[in-house]
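Whole structure, please, built from the sequences with the hints as guidance.
Following our numbering, the numbering of the sequence shown begins with 7 at its first residue and continues without gaps.
Because the hints were derived from the structure by calculation, they are not lab data.
C-beta: ideal position from N, C-alpha, C; glycine also.
Please note: incorrect hints may appear among the correct ones.
With beta-carbon atoms standing in for the labels, derived distance ranges [unchecked claim]:
#1 GLY242 - ARG220: 48 to 58 Å
#2 ALA231 - PHE38: 48 to 58 Å
#3 LEU70 - MET19: 15 to 25 Å
#4 VAL237 - LEU13: 47 to 57 Å
#5 ILE78 - ALA105: 32 to 42 Å
#6 ALA231 - MET19: 24 to 34 Å
#7 ALA231 - GLU63: 25 to 35 Å
#8 TYR245 - TRP217: 45 to 55 Å
#9 ALA210 - TYR137: 25 to 35 Å
#10 MET37 - LEU70: 23 to 33 Å
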Amino acid sequence: DPQLRVLPVWASMLLLGGIGVRYMAAREYKMFAHTAATVGTLALSFWIVFEHRGGTEVFMYAALLCFAVAAITLNSVLMAVAVLATTPVLNVGTFYQHAMYALVVERPLTTVLVYGAAAILAGLVAQHSRYPLSRMSLIVFGASLFLVHLAFWVGSIWGDRSQGGAYSPDAFALAWAIACAAVMLWALWQDKRNVVVLSGVFLAINMYTQWFERFFRNPSELLLASGIGIVLVLSGLFYWNRREQSHVQAA
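Shown next as structure tokens:
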């Protein structure tokens, strides 16, 4: 396609121009530089994957490109994309087919362990470093934690077939609930609101999924369980917001 032949040239110009403007132009052009670098990097990554018909090595090249530009420009979006682009190494992916979206995690346990370790390492670096390294590390932490939740989600439905069926869906569902609760308590202690929200959302997804997979019998039970869940969540958020407001007023 002639248009795709022009894409890498256009994307490279946009990327290099964004980096140049960021470091040489006035502050009012920073937003333009950020947008240009982001769009150029994503377009060039798309071309790399498309031109070489995908594959693990190709996605790693795209991940390295996003990581390098993110480190140079302190771009949070590209840092998150760099983490997500590494998932094909563990056979994690998504696809769309005629009004159906699918999430594929072929090795849930391995994915949980690898990205869980990445999240812990990134969190430690963020705690013991200064800006901008701390900010970039937090992005890696959040993206890795998101992938851990996705792996738990798939594992809670199908188990881990790559391990010969040794890890059942029930084990993943229970471990996921414990992990969500533990991370939420840690985040509350560390006053990390985004982590609390992320883990709370996936804890609700876990409960919702397991309800339909294992416990659902009739609509009245679903209505009752939903009502109880909503009351508990709203009560927790109300208490938390009041505590945060009291801390702000005291300061």
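Numbers of the earlier hints that this structure fails to satisfy, in rising order: As far as the earlier hints go, 1, 6, 7, 8 are violated by this structure, in ascending order.
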